[in-house]
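Take a look at the letters that make up each chain.
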Amino acid sequence: MNVFDIIGPIMVGPSSSHTAGAARIGKIVRNLLGQEPVEAIIELHGSFAQTYKGHGTDRAIIGGLLGFDPHDLRIRDSLNIAAKQGFHFTIKQVNLKDAHPNTARISVRDGSGKRVVVTAASVGGGNVVVRDINGLEVDFTGRSHTIIIPHKDAPGVVASVTGLLSSYNINIGKMKVYRKRRGGEAIMVIEVDQEIDQAVADKLIKLPCVNEVTVLNPL
Amino acid sequence: MLRYDSVDELIKAAEERDKNISDIVLEDQAQELGKSTDDIYHQMENNAKVMEESILDALHPHTKSASGLSGGDAYKLYMALEQGKSLGGSLMDKVLIKALAIAESNASMGRIVAAPTAGSCGILPSVLLAVQEDKKIPRPRMIMSLFTAAGMGMVIAKRASISGAEGGCQAECGSAAAMAAAALVEMLGGSPRMAGHACAMALKSVLGLVCDPVAGLVEIPCIKRNATGAINAVVAAQLALAGIESLIPADEVIDAMKEVGDLLVPSLRETGEGGLAATPTARKLAKKIFEDNKENG
Ligand code: SF4
Numbered sequence: 003m004n005v006f007d008i009i010g011p012i013m014v015g016p017s018s019s020h021t022a023g024a025a026r027i028g029k030i031v032r033n034l035l036g037q038e039p040v041e042a043i044i045e046l047h048g049s050f051a052q053t054y055k056g057h058g059t060d061r062a063i064i065g066g067l068l069g070f071d072p073h074d075l076r077i078r079d080s081l082n083i084a085a086k087q088g089f090h091f092t093i094k095q096v097n098l099k100d101a102h103p104n105t106a107r108i109s110v111r112d113g114s115g116k117r118v119v120v121t122a123a124s125v126g127g128g129n130v131v132v133r134d135i136n137g138l139e140v141d142f143t144g145r146s147h148t149i150i151i152p153h154k155d156a157p158g159v160v161a162s163v164t165g166l167l168s169s170y171n172i173n174i175g176k177m178k179v180y181r182k183r184r185g186g187e188a189i190m191v192i193e194v195d196q197e198i199d200q201a202v203a204d205k206l207i208k209l210p211c212v213n214e215v216t217v218l219n220p221l
Numbered sequence: 003m004l005r006y007d008s009v010d011e012l013i014k015a016a017e018e019r020d021k022n023i024s025d026i027v028l029e030d031q032a033q034e035l036g037k038s039t040d041d042i043y044h045q046m047e048n049n050a051k052v053m054e055e056s057i058l059d060a061l062h063p064h065t066k067s068a069s070g071l072s073g074g075d076a077y078k079l080y081m082a083l084e085q086g087k088s089l090g091g092s093l094m095d096k097v098l099i100k101a102l103a104i105a106e107s108n109a110s111m112g113r114i115v116a117a118p119t120a121g122s123c124g125i126l127p128s129v130l131l132a133v134q135e136d137k138k139i140p141r142p143r144m145i146m147s148l149f150t151a152a153g154m155g156m157v158i159a160k161r162a163s164i165s166g167a168e169g170g171c172q173a174e175c176g177s178a179a180a181m182a183a184a185a186l187v188e189m190l191g192g193s194p195r196m197a198g199h200a201c202a203m204a205l206k207s208v209l210g211l212v213c214d215p216v217a218g219l220v221e222i223p224c225i226k227r228n229a230t231g232a233i234n235a236v237v238a239a240q241l242a243l244a245g246i247e248s249l250i251p252a253d254e255v256i257d258a259m260k261e262v263g264d265l266l267v268p269s270l271r272e273t274g275e276g277g278l279a280a281t282p283t284a285r286k287l288a289k290k291i292f293e294d295n296k297e298n299g
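Sequence order for the protein chains is A and B.
Residue numbers for the first sequence follow the numbering used here, so the first one is 3 and each next one is one higher.
Residue numbers for the second sequence follow the numbering used here, so the first one is 3 and each next one is one higher.
One or more of the hints may lead you astray.
[As the list claims (entries may be wrong)] Capping the alpha-carbon separation at 30 Å, the derived lysine-lysine pairs in DSBU-like fashion look like this: (1) A:K94 / B:K87; (2) B:K226 / B:K87; (3) A:K154 / A:K86; (4) A:K86 / B:K21; (5) B:K286 / A:K94; (6) B:K296 / A:K99; (7) B:K289 / A:K99; (8) B:K160 / A:K176; (9) A:K94 / A:K116; (10) B:K296 / A:K94; (11) B:K226 / B:K290; (12) B:K226 / B:K296; (13) B:K138 / B:K78; (14) B:K37 / B:K160; (15) B:K296 / B:K286; (16) A:K99 / A:K178; (17) B:K21 / B:K87; (18) B:K226 / B:K160; (19) A:K94 / B:K290; (20) A:K94 / B:K78; (21) B:K286 / A:K99; (22) B:K37 / A:K176; (23) A:K99 / B:K290; (24) B:K206 / B:K21; (25) B:K66 / A:K86; (26) A:K205 / A:K116; (27) A:K176 / A:K154.
Hints listed in this document are in silico derivations from the structure and should not be mistaken for laboratory results.
Bound-form chain B, shown alone (with noise of 0.2 Å):
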């Protein structure tokens, strides 16, 4: 049985056994919830096809939150690449438009897989099916790698967070990134220590983000951080390919933004009363939505 309580007990019982993370994790998860592979793997897949339809439900210009403060950007991105405005390439493309399909999708109460979070749900999905579409990988590797993401993930939560309440958006954005750079890692084919380096890397590069929606609401600025955590994830996952390491181990990462997330003051931690959601804008939209509220209450 494996306990999830270091990125280097995934590390290395893979190593042990010359497999890849997700196939250890998906073993010892059948046997921890007393079914068969097969089961779980299935399960796992079905998860996969509802982030496959949450990037088009999103996908169209009139999409629009409940509050009314966000949506149809990932239209609007959509339209401005297919006429060729792309400044990242066709990769790049794919994650940022699926990233802010399924972070629009989510504000607009559609069907989404928490990944870790809710708020967070755009980044790994976006990064795995963007890559596995570009470079033409087949669907049962990528929905293998969703069980190294969770691995990663379930390390994190016990060592540290994945809620804004408790750790920041770090906590968040941050872990969704890092379980999708290892996970993307391991999709293409990198070794089981590149994709610890990588979730390190990713998780490094937001260390200190603070948890400050506007209006206490799930979408500014959480929908455009889902956008820079699908690059985050990809950059730390080119580099741990190319042989890169993190010289702090992941687990002293995971350590440390915990540590962050303990010093952050609760203003910064989904109140939406610090950051961004103390701004002078802010303050007059969140104004204006609980009056809002109020009205036909």
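Same shape as in the complex, but just chain A (with noise of 0.2 Å):
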């Protein structure tokens, strides 16, 4: 704890769980899927769903997704911004098993046809958990730079990248791999102490049986 966690964040009101950290749902959702979204199915959950008209849960959420930070007041009228740029979006209340009172799940899609689904809550003075992502188990909450990596699970893959980050240099915090069995789907998330270039994640991305890679600055 610092000053500036009791004197801050700057943010735009009224609320720091359903307002500043939907909208930081909203643009973690973004940079996983990499692209500007054309397309997106919000599903709101619990206390999301009960009161996201009077928290701006939903201009938040789509102010994320516009690549807004928590801080900028194009928030207030996201929606609009959304409209005229095109970008299509449904507002749904769901009932998801076990989920934190604060949830969200996001489908997006891009020009190309790219979707990510992703779901995750909003625990508190604007912190937010990641939870699953298009259908993969996760948890890390984007506090520090952070590493995400599709990939299929075989041997090596793993070595390979944290291989390549100690050649830059690059101390690892904290690293989990989620998958849903032997040889399929998998996914890293890396922790890292500082900032990724993106020279690093164009390495990244070249190696053996990685997808994806994104890199998330914290806010």
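Using the hints, put the two standalone chains together into the complex.
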């Protein structure tokens, strides 16, 4: 905890969990998509579903999907901005089993037809936890520099990624691998101590069995 | 390194070096965050800038919250006071207008600085900015006093809580007032010890205040509690500056606040199910809002 946890963050109101955290979720999903979204289905659960209009949760998530940070005043007007640029979205109220009260499941598609589906919860004070990416259970907060690598589960993939990071002198603080079954789709979530250059991401994507590389910088 | 586990620690550290609490917090945080004191100061100055802007954001007649439940009261008050309908004099007028304006800006999706939370974001800036303006205090003094507020807030967060969901509104609007009272004392030249007493007195006044937002939204009673919270801070600072002491030391008051918070049933901790939120009128409003959400959902 430091002084700026107490006097801060700067954010668009009214609620750190229902607005600032929601915008953060939207932005993480946008980064995972990697392109401008053209369509989104946003499912809201629990308190998110009950109070989303009054808290501007819809505007915050859409704003995040448009690339706005939680302190960006354009969040106020994000629904119109989305409409203007031809970004279609639907909001649904749903009941997700065993989910945190402030949970959203967001399915987004870009112009090329690529789609990602992410489930994330806003757990208080603007902090979020990502729970699921494309049906793979994950668990990360995005509070540190985070690299997310969907890949095919195969021997040596993890070692090739960590080897490459170490050759760039990048220190891994925390790392987890999630997979559905042996030899199937898997995701590596790597939290590192410093910012990741595009050059490193470009090298990572070329490694065998690596499908995608997303770099999330802490807000 | 400071531990921020007691107000007493902050007072003693300041007294030992014959400095203000803000000076030692600033130095400590520069070390903690691995930055220069200049950098940290400028980051706080940037927060102060957003605080100043958030006042103007809502100070017009058409301010409306996202739910439509609130808005326009800061402007209403401003107009009434302009017409000479003031009870409290120019300083109180400024405090009240700013507190309502910032809280309304938050409810209407304006940009604010959580201090310590979004729901209580009007208290600290309204008090400091109003007094700065009224007493013509140099801006750097006001910015420095934010470090004193933050130091108090860190102690409260460590010993108790600054979240309505955990400790009730005493933990949000109460903490904000306690932080503001201490900062105000320092800004007006009071001693670190006086700042500690101001912190204690502000928090004592709202012990037991529950968190009961209507329809679960940060509007009713939150916006008006920013106004009363701000006045609470001014009163506590005034008493402390006169040399009046809190016989119960700040740290013990904070511990009592935690104990009371732990005793609060969940319906009085931000769930929107107890207190004001459970009144017939509130239930009607909540029902309408939930139905609105469904319609276009
Ligand atoms: S009533 Fe609850 S939500 Fe409203 S300001 Fe107080 S603590 Fe925050």
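Evaluation of the provided hints:
1. A:K94 / B:K87: Violated: K94 (chain A) and K87 (chain B) sit about 48 Å apart, past 30 Å.
2. B:K226 / B:K87: holds, 19 Å
3. A:K154 / A:K86: Measuring from Cα to Cα gives roughly 38 Å; hence the hint is violated.
4. A:K86 / B:K21: It is violated: about 55 Å lies between the C-alpha atoms, which goes past 30 Å.
5. B:K286 / A:K94: Holds, at roughly 23 Å.
6. B:K296 / A:K99: holds, 20 Å
7. B:K289 / A:K99: Within the cut-off at roughly 24 Å; holds.
8. B:K160 / A:K176: Measuring from Cα to Cα gives roughly 26 Å; hence the hint holds.
9. A:K94 / A:K116: Given that 30 Å is the threshold and the Cα spacing comes to 21 Å, the pair holds.
10. B:K296 / A:K94: Cα-Cα ~9 Å, so holds.
11. B:K226 / B:K290: The given pair, whose Cα atoms are some 22 Å apart, holds under the 30 Å limit.
12. B:K226 / B:K296: holds, 29 Å
13. B:K138 / B:K78: holds, 26 Å
14. B:K37 / B:K160: Cα-Cα ~23 Å, so holds.
15. B:K296 / B:K286: holds, 16 Å
16. A:K99 / A:K178: holds, 24 Å
17. B:K21 / B:K87: violated, 42 Å
18. B:K226 / B:K160: Given that 30 Å is the threshold and the Cα spacing comes to 27 Å, the pair holds.
19. A:K94 / B:K290: Status holds; Cα separation ~18 Å.
20. A:K94 / B:K78: Outside the cut-off at roughly 37 Å; violated.
21. B:K286 / A:K99: OK: K286 (chain B) and K99 (chain A) at ~29 Å, within 30 Å.
22. B:K37 / A:K176: With Cα atoms ~25 Å apart, K37 (chain B) and K176 (chain A) stay inside 30 Å; holds.
23. A:K99 / B:K290: holds, 26 Å
24. B:K206 / B:K21: holds, 26 Å
25. B:K66 / A:K86: Distance ~23 Å between K66 (chain B) and K86 (chain A) Cα, so the pair holds.
26. A:K205 / A:K116: holds, 22 Å
27. A:K176 / A:K154: holds, 20 Å
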